[in-house]
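Under the numbering used here, the first residue of the sequence shown carries the number 378, and numbering increases by one thereafter.
FYI, nobody ran anything at the bench for these hints, they're computed from the structure. Since the structure is predicted, the reported quantities are computational estimates derived from the model, not experimental observations. Heads up, the beta-carbon is just placed ideally off N, CA and C, and yes, glycines get one too. Keep in mind that a hint or two might mislead.
[To be verified] Here are the computed distance ranges between Cβ atoms for each label pair:
1) D414 / G463: 22 to 30 Å
2) M399 / E448: 39 to 47 Å
3) E407 / M434: 27 to 35 Å
4) R452 / K396: 33 to 41 Å
5) A408 / E448: 53 to 61 Å
6) E444 / L406: 32 to 40 Å
7) Y465 / K396: 18 to 26 Å
8) K385 / R451: 19 to 27 Å
9) T381 / A420: 39 to 47 Å
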Amino acid sequence: MSHTIENKTKLLARVRRLKGQMEAIERALEAELGCADVLQLVASVRGAMNGLTAELMEDHIRHHVLEPTSEAERRQGGDELIQILGTYLK
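Please take these sequences and the hints and turn them into a complete structure.
As structure tokens, then:
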């Protein structure tokens with residue numbers, strides 16, 4: 378079973394909180410709040426997204442690089458991580 382399925386409820390809760398934070402940014406812009414207030418909301422979303430990304434990457438490393446069932450799966454997990462990091466760091 379995939380680790381994202383095992384942690385589905387927790388991950389979905391984090392995504393829903395992010396969605397709520399994004400909606401708060403939209404509301405702040407519509408209400409014409411000051412730039413400092415909007416920037417604080419954006420910073421909060423960025424922190425939450427980074428936390429979610431870190432959790433998913435850690436789980437990927439643990440399940441697909443450190444503890445795979447075969448060497449082929451380990452190689453694939455490492456290759457996937459390299460590709461993901463390349464996209465993430467652009």
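Structure-based check of all given hints:
1. The hinted window of 22 to 30 Å between D414 and G463 is violated, with their beta carbons roughly 34 Å apart.
2. One distance hint, 39 to 47 Å for the beta-carbon pair M399 and E448, holds here, with the actual separation near 41 Å.
3. Between E407 and M434 the beta carbons are some 34 Å apart, a value that agrees with the proposed interval 27 to 35 Å.
4. Between R452 and K396 the beta carbon distance is about 35 Å. The supplied range of 33 to 41 Å therefore holds.
5. Distance hint check: the CB atoms of A408 and E448 are about 56 Å apart, consistent with the given range 53 to 61 Å.
6. Distance hint check: the CB atoms of E444 and L406 are about 44 Å apart, inconsistent with the given range 32 to 40 Å.
7. Between Y465 and K396 the C-beta distance comes to about 20 Å, which sits within the given range of 18 to 26 Å.
8. Take K385 and R451: their Cβ atoms lie about 24 Å apart, and the range 19 to 27 Å holds.
9. Distance hint check: the CB atoms of T381 and A420 are about 27 Å apart, inconsistent with the given range 39 to 47 Å.
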